[in-house]
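K.L.:
For the record, the sequence lines run as chains A and B. Mapping the first sequence onto our numbering, position 90 (from 1) lands on 90, and the numbers just tick up by one. So the mapping is simple: our numbering equals the position in the second sequence, first residue as 1, plus 1000.
Hints are not guaranteed to be accurate.
[Stated by the list, open to error] A few chain A positions that, by computed beta-carbon distances, are all more than 10 Å from chain B:
#1 42
#2 84
#3 119
#4 170
[Claimed, not checked] Using 35 Å as the maximum straight-line C-alpha spacing, the simulated DSBU-like pairs for lysine-lysine come out as follows:
#5 A/111 with B/1240
#6 A/175 with A/242
#7 B/1240 with A/63
Honestly, the hints are just simulated from the structure, not real lab data. Ideal placement from N, C-alpha and C gives every residue a C-beta, glycine not left out.
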Amino acid sequence: MTEGSLKNMNPPGTWEAGTPPTIKVKKDPLVPVTRTSYLPERDADKTPILECIDLGITFGGLKAVDNFNVAIGRTEIAGLIGPNGAGKTTIFNLLTKVYQPTHGTILLDGKDIATMSTAQVNRAGIARTFQNIRLFHNQTVLDNVLIGLHNEMDYGMGSAILRLPGYWRAERIAKERAMEYLSLFHLDQHAMDLAGSLPYGAQRRLEIARALATNPSLLLLDEPAAGMNPSETAELMENIVKIRDTFHIAVLLIEHDMSLVMNICEGIVVLNFGRIICKGTPDEIRSNPAVIEAYLGRKGAKKL
Amino acid sequence: MKKLSKGARTDLLTYAGVIIAFIIVSVLKANGGLNRSQTGLLVPICCYIVMAVSLNLTVGILGDLSLGHAGFMSVGAFSGIITAMSLANVIPSAPVRLMLAMIVGAFFAAVIGFLIGIPVLRLTGDYLAIVTLAFGEIIKELITCLLVGVDSEGLHIIFNVSGSKTANDLNLLEGGKVIIKGAQGATGTKTIASFTAGFILIMITLVIVQNLIRSRQGRAIMAVRDNRIAAESVGINVTKYKMMAFVTSAALAGAAGALFGLNYSNLAATKFDFNTSILVLVFVVLGGLGNIWGSIIATVVLYILPEALRGFASYRMLIYAIVLIVVMLTTNNPVLKTWREELRSKFGKNKNKEAKDA
Ligand SMILES: Nc1ncnc2c1ncn2[C@@H]1O[C@H](COP(=O)(O)OP(=O)(O)O)[C@@H](O)[C@H]1O
Ligand SMILES: [Mg+2]
Chain A
1 MTEGSLKNMN
11 PPGTWEAGTP
21 PTIKVKKDPL
31 VPVTRTSYLP
41 ERDADKTPIL
51 ECIDLGITFG
61 GLKAVDNFNV
71 AIGRTEIAGL
81 IGPNGAGKTT
91 IFNLLTKVYQ
101 PTHGTILLDG
111 KDIATMSTAQ
121 VNRAGIARTF
131 QNIRLFHNQT
141 VLDNVLIGLH
151 NEMDYGMGSA
161 ILRLPGYWRA
171 ERIAKERAME
181 YLSLFHLDQH
191 AMDLAGSLPY
201 GAQRRLEIAR
211 ALATNPSLLL
221 LDEPAAGMNP
231 SETAELMENI
241 VKIRDTFHIA
251 VLLIEHDMSL
261 VMNICEGIVV
271 LNFGRIICKG
281 TPDEIRSNPA
291 VIEAYLGRKG
301 AKKL
Chain B
1001 MKKLSKGART
1011 DLLTYAGVII
1021 AFIIVSVLKA
1031 NGGLNRSQTG
1041 LLVPICCYIV
1051 MAVSLNLTVG
1061 ILGDLSLGHA
1071 GFMSVGAFSG
1081 IITAMSLANV
1091 IPSAPVRLML
1101 AMIVGAFFAA
1111 VIGFLIGIPV
1121 LRLTGDYLAI
1131 VTLAFGEIIK
1141 ELITCLLVGV
1151 DSEGLHIIFN
1161 VSGSKTANDL
1171 NLLEGGKVII
1181 KGAQGATGTK
1191 TIASFTAGFI
1201 LIMITLVIVQ
1211 NLIRSRQGRA
1221 IMAVRDNRIA
1231 AESVGINVTK
1241 YKMMAFVTSA
1251 ALAGAAGALF
1261 GLNYSNLAAT
1271 KFDFNTSILV
1281 LVFVVLGGLG
1291 NIWGSIIATV
1301 VLYILPEALR
1311 GFASYRMLIY
1321 AIVLIVVMLT
1331 TNNPVLKTWR
1341 EELRSKFGKN
1351 KNKEAKDA
């Protein structure tokens, strides 16, 4: 590869009607299949993008996560739900190596990530957002996405200081692509605003755009709808499906908004006190007495 | 015409400002508009500007506190002096020797910066401040123990830990020359530093620092500063970029040190003490963390003021301390902050209007 080129040369385009998106787009359409197996059927014959085997972590005697076994298909939208303090965010921190697991194995695309750092895990294909938003607040919206594109650019420090042609080429392509990621989330108008000045919902969207810019194969969203109004949530829901359909990646999301989870997730894992109490399709979760009892209570059962 | 981003415009204005200042001062100097003591300030000011801009890379851009920047200056100064003095007979051209001295000074400072960085930059927290503080003091003591001379056989170096040796123990041949005499420091140095060299060094420093900031590397460095966990989550190797900023900063300080060292015929290691590190830190904080042209202005003003007000010279550190505290209080004051932001947004709108009209 020549210096200054981007690893993925296709600009993303937009996903509005008429202009087909071009970031890493596969031509074959996703066929909706009724789920019969553990993974969505279209993913069933391929290596799951993520497999957790007996994953667990202990904080000073507290088993925050224990015996966590999950597999996620390559184009699956999966949900991770459970009451506050159940250990959902902790699982994201384990998957991204912010925490080192006390025991168990994480396989990303069949490869063990035990020895990887957080940054290496991202480069291997996991991108995430944070429950309490972690943007680069004092930098522009555009720069936030450009930071996400960091590893997609490959010019060295010498090229940067001497401003060699490779620098200009990579910067130009990266800016174009960053703007396209922003336009996917209707943030292109705010490209030059400081990230910290965006309203809450827009900050959440920017975090997703930044995560997507790292070109992941698994996207982890930690309560993406928190603090959003119903119309924003509806749009987010559409966007998550679009992300999966456009980029053909897997999404694992933590969410308290049950309508969102039940509507778009193909597989759901319910967590309580660090342990899985149930996993299955939305229908199976809805009708599972253990979930209704232990997690949702009587009021929650009505909601479903 | 291509529209320049705000950052690129600031960079260009900074270069332009430095070039214009250089031309004005050069003209003044040529026409006898500066007296001897004023002329004597020119090279040190250039050195301190480079010191401040490079420290800003560590403190403002990387966001790690360093309290030993003068230590890197010291390493650069003495390695630069040794280089220039020992090559005196080999390379007759003073500018070439000066350039080599600055390169060698930058190199040694970079190596030491790297060695310090390996254990420290992996850690989170203010360990860098503590370690650089210690480094600054240790390097001062080490150079005080150093005896260096040169003769036709080459360099003679004695590390005089016991304190019992003198320059005579270097056993220099006839025609040999003592370069560094322990506690006395460098003596009899040929002063080959020049204002033009200082100007060129400032320009090189600006190119390195400003271009670094506006690259993927610079964005990564600032991402680490603003939110380390988020930076890691988008695949940024934190240690690598901390190291990049810190070593670059050290190297530039080394080059500035070499220029500084070759501006004085006598120079002791005690010149590069904790006070000097703090002095440079004051320039950076007053100029604004991460603000490159601010560092330049603050350095010039704060360096000239006490010289101009000779009577106050002895209160220099006191004045700096007070100013530093006042600045820290006011810049973090939420009321003043919102007031400043309001002003800025008003100012910004006006500017946009002008641009449209034009
Ligand atoms: N770094 C930590 N040290 C100690 N306890 C922790 C740490 N991180 C999470 N926990 C504990 O683990 C449990 C799960 O927390 P969390 O994963 O944030 O829950 P949630 O499901 O609401 O996201 C909580 O009891 C929390 O206090
Ligand atoms: Mg949580």
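K.L.:
All the hints need checking, so say for each whether the structure fits it.
P.N.:
Comparing the hints with the structure gives:
no.	hint	result
1	42	holds (28 Å)
2	84	holds (21 Å)
3	119	violated (5 Å)
4	170	violated (8 Å)
5	A/111 with B/1240	holds (25 Å)
6	A/175 with A/242	holds (22 Å)
7	B/1240 with A/63	holds (34 Å)
When the structure is compared with the earlier hints, violations turn up for hints 3 and 4 and for no others.
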